[in-house]
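*Asks:* Okay, here's what each chain looks like letter by letter:
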Amino acid sequence: MSPELPDLLREIAQAGPPPRYGVDDAVRAGKSRLRRRRSGVVIAAVVAVAVAIGVPQLTSRASGPAPATSPSPSPSPSAEAVRGPDLTYVLHGFTTGKLRVEDPYRWTVAGETAMIEKKGGQSDAQEGEVTLYRPGIDPRSTLDGAKITATSAIHGRPAYRVDADGAPMLLWEYAEGALALATVRADGPGRWALTPAELRQVAEGLQPGASQPVMLAFGTSYVPPGYRIVEVAGRFSSGQLSSAQLVPASEAVKRIGKPDPDPRTTKGSRGLMLWLSPAVASDHGAPRAGVTCPERVGLKGIPVEKQPRHCYTFLPGGKYVLEVFGPDSADESQLRQLLEGARFGTVDRPATWLAAGTGFPASAQVGGN
Amino acid sequence: MSDREAEFREFVGARMESLRGLAYLTCGDWQVAEDAVLGALAKLYGRWHRVDNHDAYARAVVVRAAIDETRRPWWRREQAHSHAAMPDGVVADATPGVDERLRLRAALDRLPVKQRAVVVLRFLEGLSVEQTAVALGFPEGTVKGYTSRGLNALRVDLDERTEGRREPRIA
Numbered sequence: 059m060s061p062e063l064p065d066l067l068r069e070i071a072q073a074g075p076p077p078r079y080g081v082d083d084a085v086r087a088g089k090s091r092l093r094r095r096r097s098g099v100v101i102a103a104v105v106a107v108a109v110a111i112g113v114p115q116l117t118s119r120a121s122g123p124a125p126a127t128s129p130s131p132s133p134s135p136s137a138e139a140v141r142g143p144d145l146t147y148v149l150h151g152f153t154t155g156k157l158r159v160e161d162p163y164r165w166t167v168a169g170e171t172a173m174i175e176k177k178g179g180q181s182d183a184q185e186g187e188v189t190l191y192r193p194g195i196d197p198r199s200t201l202d203g204a205k206i207t208a209t210s211a212i213h214g215r216p217a218y219r220v221d222a223d224g225a226p227m228l229l230w231e232y233a234e235g236a237l238a239l240a241t242v243r244a245d246g247p248g249r250w251a252l253t254p255a256e257l258r259q260v261a262e263g264l265q266p267g268a269s270q271p272v273m274l275a276f277g278t279s280y281v282p283p284g285y286r287i288v289e290v291a292g293r294f295s296s297g298q299l300s301s302a303q304l305v306p307a308s309e310a311v312k313r314i315g316k317p318d319p320d321p322r323t324t325k326g327s328r329g330l331m332l333w334l335s336p337a338v339a340s341d342h343g344a345p346r347a348g349v350t351c352p353e354r355v356g357l358k359g360i361p362v363e364k365q366p367r368h369c370y371t372f373l374p375g376g377k378y379v380l381e382v383f384g385p386d387s388a389d390e391s392q393l394r395q396l397l398e399g400a401r402f403g404t405v406d407r408p409a410t411w412l413a414a415g416t417g418f419p420a421s422a423q424v425g426g427n
Numbered sequence: 127m128s129d130r131e132a133e134f135r136e137f138v139g140a141r142m143e144s145l146r147g148l149a150y151l152t153c154g155d156w157q158v159a160e161d162a163v164l165g166a167l168a169k170l171y172g173r174w175h176r177v178d179n180h181d182a183y184a185r186a187v188v189v190r191a192a193i194d195e196t197r198r199p200w201w202r203r204e205q206a207h208s209h210a211a212m213p214d215g216v217v218a219d220a221t222p223g224v225d226e227r228l229r230l231r232a233a234l235d236r237l238p239v240k241q242r243a244v245v246v247l248r249f250l251e252g253l254s255v256e257q258t259a260v261a262l263g264f265p266e267g268t269v270k271g272y273t274s275r276g277l278n279a280l281r282v283d284l285d286e287r288t289e290g291r292r293e294p295r296i297a
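Protein chains in written order, with this note's numbering: chain A, 59 to 427; chain B, 127 to 297.
No lab work stands behind these hints: they were computed from the structure.
Even glycine gets a Cβ: it sits at the ideal position worked out from N, Cα and C.
It is possible that part of the hints are untrue.
[To be verified] Here are the simulated EDC-like cross-link-like pairs (lysine to aspartate or glutamate), alpha carbons at most 20 Å apart as the crow flies: (1) A:Lys176 / A:Glu160; (2) A:Lys177 / A:Glu262; (3) A:Lys89 / B:Glu136; (4) A:Lys177 / A:Asp161; (5) A:Lys377 / A:Asp406; (6) A:Lys89 / B:Asp129; (7) A:Lys316 / A:Asp144; (8) A:Lys176 / A:Glu262; (9) A:Lys89 / B:Glu131; (10) A:Lys377 / A:Glu398; (11) A:Lys364 / A:Asp386; (12) A:Lys89 / B:Glu133.
[As the list claims (entries may be wrong)] Not everything, but these chain A residues come out facing chain B in the computed CB check (under 10 Å): (13) Leu66; (14) Arg68; (15) Gln72; (16) Asp83; (17) Lys89; (18) Arg91; (19) Arg243.
Please put together the full structure from these sequences, using the hints given.
*Replies:* Here you go:
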């Protein structure tokens, strides 16, 4: 008899490794969360259990009818975009009514992203996000199927309501030829954490300012030849304190002037991922000096020689590790060199972090040589 | 121990494992799945007396969290990890049952995450179209469409890769 789909799904679901969490962990996490909520402390996307519920980007990729109205601004890539963006932020955190837009936490070749939080909202998850795209980048291609309709101008510039499977979003021109997109977190079936009016409030309060350097808890004096930084993020959740993604220069240059590629559909190598996070004894062992590159083993039917490269080093004090993941073709000695050249700020004191623009070799900048 | 804690403990003891499986099938990573479940249960604990159907609430929060986790920047690291090493086809296992599970797991991974979540809720959890719509916050028509497209994509995918092997019956 042929196996039924439900049976196979059940078998897959039951075939996992021993669970890391038990009933006591769930109770502790629940009590901890309750305490935080009662204390009224807003903890931006940081949860003691290393979990945060994020903005459902799925809503921005909904399927459905074609856009009813297209935004008018479709500027061509500017000279700035062709040269490659600097590792700086132009958005500065601000408060408008009950809403708080934090300083950006993520930089990519395409733009910068900040969380939107609401006073009285969920303490461990942002209510939404706003992404400022660089001049000339049009995010409409990431909104397949969403209904886009013109709405009243914001600061005299065009604005558009975006409806993706019921999720309200707002797209507007925040500067000459530059678009921003505000998205919202799902807050239950058919409910959204921010209203269209609140998204508009964010847009009206948002003004780009002077460029500020993107800060990371780490930097390095060495990056394998030919790699360029395409994404950095910091202080996003307790599971990710700082990270950076580097891809081969040819791929990096292709990203200039376009929205970020969807990682689910992008083919080929994702390059190098650098990741600073709390050390986990079961993964990293006891703190020790130097760089560790675990021996690769065949997993999931993938032969050992096709397994990705992975090395890590402990930060001073042993509480955190900086890891680098690379494709199977990466040179392990180069990954070691990258980690040996790493420098760190004090993880718990962002004021000591390093400017990404100078914390990496100039050759690793998107427009580097 | 409060009534809430006692009831919550009993619920978690009975449901944590199945919620973990649900999250895993949705996001494809055991560690991410476990974090999603723990986060959902922590949320449920705080709302224990305000939620009528604990099972439905936990299921909905878990699957949504698992979907959301696939959007996180750090997820890209994991994706980079797996994509960098993913061979063109799934390597067959000598054990037929394991092979089938691997092929189905791989086929599920190739579905868009919302379709995958719908298929998992419908066919692992046995939810109706209406219940799935409530859990995911989708219109019922969307659930029907995703179910149909998801099953069809699985069928086509498995057909293409089966090449005479025994295939799971998915409709």
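*Asks:* Could you grab the alpha-carbon distance between lysine 316 of chain A and aspartate 144 of chain A and see if it respects the 20 Å cut-off?
*Replies:* holds (15 Å)
*Asks:* Given leucine 66 of chain A was flagged as interface, is its beta-carbon under 10 Å from a beta-carbon of chain B?
*Replies:* holds (5 Å)
*Asks:* Can the hint on lysine 89 of chain A be confirmed by a CB-to-CB distance to chain B that is less than 10 Å?
*Replies:* Since chain B brings a Cβ to about 7 Å from lysine 89 of chain A, closer than 10 Å, the hint holds.
*Asks:* When you check the alpha-carbon spacing of lysine 176 of chain A and glutamate 262 of chain A, does it fall within 20 Å?
*Replies:* Satisfied, since the Cα-Cα distance of roughly 16 Å is no more than 20 Å.
*Asks:* May I ask you to test the interface hint for arginine 243 of chain A with respect to chain B, counting a Cβ-Cβ separation under 10 Å as satisfied?
*Replies:* The hint holds - arginine 243 of chain A has a Cβ within 10 Å of chain B, the shortest such distance being about 8 Å.
*Asks:* Below or equal to 20 Å on CA atoms is what counts here, so check lysine 364 of chain A against aspartate 386 of chain A.
*Replies:* holds (5 Å)
*Asks:* Is the straight-line distance between the alpha-carbon of lysine 89 of chain A and that of glutamate 136 of chain B 20 Å or less?
*Replies:* holds (16 Å)
*Asks:* With the threshold set at 20 Å, check whether the alpha-carbon distance from lysine 377 of chain A to aspartate 406 of chain A stays at or below it.
*Replies:* holds (11 Å)
*Asks:* For the hint on arginine 68 of chain A, just tell me whether its beta-carbon gets within less than 10 Å of chain B.
*Replies:* Because about 6 Å separates arginine 68 of chain A from the closest Cβ in chain B, which is inside the 10 Å limit, the hint holds.
*Asks:* Holds or violated: the hint that arginine 91 of chain A contacts chain B, with Cβ atoms closer than 10 Å.
*Replies:* holds (4 Å)
*Asks:* Is the hinted pair lysine 176 of chain A and glutamate 160 of chain A satisfied, with a Cα-Cα distance of at most 20 Å?
*Replies:* Holds. Lysine 176 of chain A to glutamate 160 of chain A sits at ~11 Å (cutoff 20 Å).
*Asks:* Check the hint pairing lysine 377 of chain A with glutamate 398 of chain A against an upper bound of 20 Å on the C-alpha distance.
*Replies:* holds (18 Å)
The structure is consistent with each of the numbered hints, conforming to all of them.
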